[in-house]
Amino acid sequence: MKRREFLVLSAASIGGVLVYSLDRKVSRASADDHAMRIPLRFFTQDEALAVAALASRIFPSDDLGPGAREAGVVIYIDRQLAGPYGRDRHRYTQGPFEDGLPELGYQGSATPREIYRQGLGPLLGVDRRSVAEQDKTLHEIERTLFFELLRSHTIEGMFCDPMHGGNVDMIGWQLVGFPGPRMSNYDEIDKHYGEAFRPKPVSLRDIAGKSVQASEDER
Amino acid sequence: MKTLPRVDVAIVGGGWSGLLMAKELGSRTALSVAVLERGGPRDPGEYLAGMDELDYAIRFRMMQDPSEQTVTLRHTRQQRALPIRQYGSFLPGSGVGGAGEHWNGVCHRGLPDSFELLSRTIKKYGAKRLPEDHAIEDWGITYEDLEPHYSRVDQLLGISGKAGNVRGKRVEGGNPFEGWRSAEYPTPPVKVPYVSELFRSATTSLGYHPFPIPAATISTTYTNPDGVTRPGCAYCGFCERFGCMIGSKAQPTNTLLPVILKHKNVSLHTGTWVRRIVHETTERASRARGVIYRDRAGEEFLQPAELVILASWTLNNVRLLFLSGIGQPYNPAAGKGTLGRNLTHQVSVAAAQAFFEKPLNRFMGAGAAGFTMSDLDADLFDHSELPFLRGGLLEASVTGSRPIANFGTLPRSVTDRWGSNWKKAALHFYDRTCSLTFLGEHLAYKGNFMDLDPTYKDHFGDPLLRLTLDWRDNERKMVEFAAAKAVEIAKAMGATEAFPSASLGNYDATRYQSTHVQGGAIMGASPLNSVVNPYLQHWDMPNLFVLGGSSFPQNFSSHPTMTILAQTFRTADAIAERYSKHPEALA
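As they're listed, the protein sequences go chains L and D.
Numbering (numbering that gives the first Met the number 0) for the first sequence: 0 to 218.
Numbering (numbering that gives the first Met the number 0) for the second sequence: 0 to 586.
It is worth saying that the hints were derived from the structure and are not from the lab.
Lysine to aspartate or glutamate pairs mimicking DMTMM-like chemistry, simulated, CA-CA at most 20 angstroms apart:
no., chain 1, residue 1, chain 2, residue 2
1, L, LYS135, D, ASP415
2, D, LYS423, L, ASP61
3, D, LYS335, D, ASP539
4, L, LYS209, D, ASP42
5, D, LYS127, D, ASP381
6, D, LYS357, L, ASP189
7, L, LYS190, D, GLU356
8, D, LYS357, L, GLU187
9, D, LYS1, D, GLU305
10, D, LYS456, L, ASP98
11, L, LYS190, D, GLU196
12, D, LYS263, D, ASP7
13, D, LYS456, L, GLU97
14, D, LYS423, L, ASP62
15, D, LYS456, L, ASP87
16, D, LYS357, L, GLU194
17, D, LYS423, L, ASP134
For clarity, every value in this text was computed on a predicted model and none was experimentally measured.
Same shape as in the complex, but just chain L (with noise of 0.2 angstroms):
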């Protein structure tokens, strides 16, 4: 049985209050708690962090608002791949696999979890460099599958439900003030014209009541 891996944090390192989600629970951590350790679902220790630096530079913590780092878009990347999406349970790949025409989308044979493993197996310890390492290592893969694929799903894990474990706390809709799944905007769409309306955020939880099973549980 393979070992558990852990991403094991210090809280003091990043500064500042760290919210994270650990298996479906908020936890919150100031810069007095000592490390705190997360389970993996897919990633190793080390790949974790190195995904974590790279997504914190594809969306950074800096005086506009919280980022990768906050919003927790490495455990949302970690359940991804560890679920159905990560195994394209529901991608046709019956083969012959062949090279096509970009507009025919990607006709590779390797699943996301493939495309990680082999696109961070050069890039670990990315975590222990520089930042201005870090943003050189991200122009060089720049062109490539794995990361358009991290890209995007730092994307995701900035903007998912919390359900999913991304977005920690609402952070990410906060910043750019989406409400999430309001129940009712009809007293508020034909006003507020030309104005900001930033209703305070409500999770998927929240109008349902109850827990939601995510795509990434299915089996």
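Given chain L, put chain D in place with the hints provided.
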């Protein structure tokens, strides 16, 4: 294989057209009807728990599963087709209600001249103006034939809108170019999002004639002639790719199913994947005998039926006819055969992407909330000096902007795709951009058709359907024209920057356009150039009807659902009133 007790009618597919037919036959006849739906049951009560962009809009939870069955695509006959391995340009639905559960609810009728496209175009511009390899046909019916049935659909769905032409009388605020309608819409137009108000105001000042998009996301509580009541829309912005959490949007499960369940002569069977139509041919006639389906457990059944009605999605209708060996496959080189001809897909592009100083609050919306216009549609403007025929709708609707899909739409001056500069621009423009959508006609061409793929198979081992499909210069030039107009409109709306749609290029299976794919089993006035007659009855097999978008000889600009439902009503009349008494050819 187990043989089931015979039924009078077997309907293949439990979406809009199949369930409407089942409702009509169940209400008006004593025929025993079995609806066979390959997907699972749906509980609209669970749609609230489905308001999740990732699982529904990005991972397509309500759609058919391409790992079981997809299609292959090539641009020309000289190329080798490859499978569309994950859906992109269209999204067929699965389960009871089909794509009718996750649609946006846009309810346009076809414009009158669309039904006589070939003859009217030749009359006005001469045959020489038609594209060289065109396969354009008249429908074999006219707008007048369909109008009463369009009105029945208005009533069934409670459509919200503003009439422009009631029995020939012009009505202010509606579409002045629409075909006459027998009555005003059943419910008033839906509320207007900010972007759509900017569009309405700008296009009015430019001399265009904007009108509210007719909507099945209804504006207020409505009870239809069957006694089914639905509430008004809450503008939550979760229509497209979602079921409606409050049942305001008309869906087969909330509009048809409650009525069907009252009829003991109609039964609905989920998890029944129809693989073949069984038929026999004697010297005198060809007849369908029933269908063979496989259930979830993998067991096969023969369902004998007196009458078979194909009512699945366009491409699945056509594929089932191919797999069953019914009809003469189209051969474009020889110009022979009809099955599979005239594949079209509505042209759908962001004609202009506009950027504004003020926030737009685009998370508030509904599938059909907005304004559109027909000024650049059909042959409503003169094409004598233009390098293309026909046109389309240009509109600004706000279906509800969700962040995964919409984060990062940026002016072309921003070239970063990640990092702090990208984040800064993307945050700024997130709610300051919108697109003006152009929905254009796709003409039929000899080189755009369907047949069975020689290589790729579905999960049962049956061949996939192969699409040979590409745009021609007519569509490309039409989009260029519309994009230039859209940029002018965007500027008049106050956009600080607006860029036109990229060139249409070649057919791109990775860019979502619409699920409005049509043709393959087209209708017409003659068996020489069509598969079904004007009552959607198979020319070669009088006890087989083929409903849905597969019957459209070519795409018209507007969305097809209204016309699919109107035709289903018309066919249901023909079956209930004529065919059930004299089961023979209706035309």
